[in-house]
Amino acid sequence: KAGVTQTPRYLIKTRGQQVTLSCSPISGHRSVSWYQQTPGQGLQFLFEYFSETQRNKGNFPGRFSGRQFSNSRSEMNVSTLELGDSALYLCASSLFLGGGEKLFFGSGTQLSVL
Amino acid sequence: SQKIEQNSEALNIQEGKTATLTCNYTNYSPAYLQWYRQDPGRGPVFLLLIRENEKEKRKERLKVTFDTTLKQSLFHITASQPADSATYLCALDTGTASKLTFGTGTRLQVTL
Chain A
1 KAGVTQTPRY LIKTRGQQVT LSCSPISGHR SVSWYQQTPG QGLQFLFEYF SETQRNKGNF
61 PGRFSGRQFS NSRSEMNVST LELGDSALYL CASSLFLGGG EKLFFGSGTQ LSVL
Chain B
1 SQKIEQNSEA LNIQEGKTAT LTCNYTNYSP AYLQWYRQDP GRGPVFLLLI RENEKEKRKE
61 RLKVTFDTTL KQSLFHITAS QPADSATYLC ALDTGTASKL TFGTGTRLQV TL
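As given, the protein sequences belong to chains A and B, one line each in that order. Under our numbering, the first residue of the first sequence carries the number 1, and numbering increases by one thereafter. Under our numbering, the first residue of the second sequence carries the number 1, and numbering increases by one thereafter.
Here chain A stands alone, though its shape is the one from the complex:
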């Protein structure tokens, strides 16, 4: 069974640009969540989708948005990039939405904003 796939693996952008990251969950998994990881803040929750609906949202500005498609694939978008958005963006999938679910992470997209 293929794992969680994230594309692209690396991305370099300049301030003010926008970026779209993609995530394909494990086949059969319906919940997809996104995390931002930085050396200073660690892993921080961005949002979670289940059945094409955003179910939870973290404490990030509105420049960060996402969506989930009917095949459970998900995208996240960051508009008007800032230097502080440089981070590893991780996508995770799980079978269901709810407590006690273990998360399966992709290898992430390393975003550098210059």
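Each hint should be verified, as a subset may be incorrect.
To be verified - DSSO-like, lysine-lysine: derived pairs with alpha carbons at most 30 Å apart:
id, chain 1, residue 1, chain 2, residue 2
1, A, Lys1, A, Lys57
2, A, Lys102, A, Lys57
3, B, Lys71, A, Lys102
4, B, Lys71, B, Lys3
5, B, Lys63, B, Lys17
6, B, Lys55, A, Lys102
7, A, Lys57, B, Lys3
8, B, Lys17, A, Lys102
9, B, Lys63, A, Lys1
10, B, Lys59, A, Lys102
11, B, Lys55, B, Lys17
12, B, Lys59, B, Lys17
13, B, Lys57, A, Lys1
14, B, Lys59, A, Lys1
15, A, Lys102, B, Lys57
16, B, Lys59, B, Lys71
17, B, Lys3, B, Lys59
18, B, Lys71, A, Lys57
19, B, Lys3, A, Lys102
20, A, Lys102, B, Lys63
21, A, Lys57, A, Lys13
Think of the hints as simulated: they come from the structure by calculation, not from any bench.
Add chain B to chain A, keeping to what the hints say.
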């Protein structure tokens, strides 16, 4: 405010010894606590989950304890090997969503 602390940013131990990592939290009432391993440049990998009503969980050389009174979890790796070198993350799960709140991690280095 809510806080999760993983004591020791880095832990160095000799091969064959037991590594013990700690995870302390405040102002949370987790229904579950999970431990993940993360290697450089990779996403975290699930290791163990323990429920609030469980005291201890084991899997091969791994053992997790969960004390909701002390608000602490301990993660043990027995007979540690260089291949166990990685960053270990604890994560709190309130039980209401798949959203996890992660600690900052402990970097474990096992030397020969």
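Hint by hint, here is what the structure shows:
Between Lys1(A) and Lys57(A) the CA atoms are separated by roughly 29 Å; this keeps the pair inside 30 Å, and the hint holds. Simply put, Lys102(A) and Lys57(A) have alpha-carbon atoms about 19 Å apart, close enough for the 30 Å limit, and the pair holds. Distance hint between Lys71(B) and Lys102(A) is fulfilled; the C-alpha atoms sit about 21 Å from each other, no more than 30 Å. Pair hint Lys71(B) plus Lys3(B) holds up; C-alpha atoms about 11 Å apart against a cutoff of 30 Å.
The suggested pairing of Lys63(B) with Lys17(B) holds, with an alpha-carbon distance near 14 Å, which does not exceed 30 Å. A threshold of 30 Å between alpha carbons decides the hint, and for Lys55(B) with Lys102(A) the separation of about 19 Å falls inside it, so the pair holds. For the suggested pair Lys57(A) and Lys3(B), the alpha carbons sit about 19 Å apart, so the restraint of at most 30 Å is met. The suggested pairing of Lys17(B) with Lys102(A) holds, with an alpha-carbon distance near 28 Å, which does not exceed 30 Å.
Taking the CA atoms of Lys63(B) and Lys1(A), the gap is near 28 Å; set against the 30 Å cutoff, the hint holds. For the hint pairing Lys59(B) with Lys102(A), the CA-to-CA distance comes to about 15 Å; that is within 30 Å, so the pair holds. Distance hint between Lys55(B) and Lys17(B) is fulfilled; the C-alpha atoms sit about 23 Å from each other, no more than 30 Å. The suggested pairing of Lys59(B) with Lys17(B) holds, with an alpha-carbon distance near 17 Å, which does not exceed 30 Å.
Pair hint Lys57(B) plus Lys1(A) holds up; C-alpha atoms about 27 Å apart against a cutoff of 30 Å. Of the supplied pair hints, the one linking Lys59(B) and Lys1(A) holds, its CA atoms being roughly 23 Å apart against a limit of 30 Å. For the hint pairing Lys102(A) with Lys57(B), the CA-to-CA distance comes to about 15 Å; that is within 30 Å, so the pair holds. Proposed proximity of Lys59(B) and Lys71(B) is supported: the alpha carbons are some 22 Å apart, at most 30 Å.
The straight-line distance between the Cα atoms of Lys3(B) and Lys59(B) is roughly 27 Å, inside the 30 Å bound, and the hint therefore holds. Of the supplied pair hints, the one linking Lys71(B) and Lys57(A) holds, its CA atoms being roughly 26 Å apart against a limit of 30 Å. The suggested pairing of Lys3(B) with Lys102(A) holds, with an alpha-carbon distance near 21 Å, which does not exceed 30 Å. Using a Cα cut-off of 30 Å, the hinted pair Lys102(A) and Lys63(B) holds, with the two alpha carbons roughly 17 Å apart.
Under the criterion of a C-alpha separation no larger than 30 Å, the hint pairing Lys57(A) with Lys13(A) is consistent with the structure, at around 25 Å.
Comparing the model with each earlier hint shows no violations; every hint is respected.
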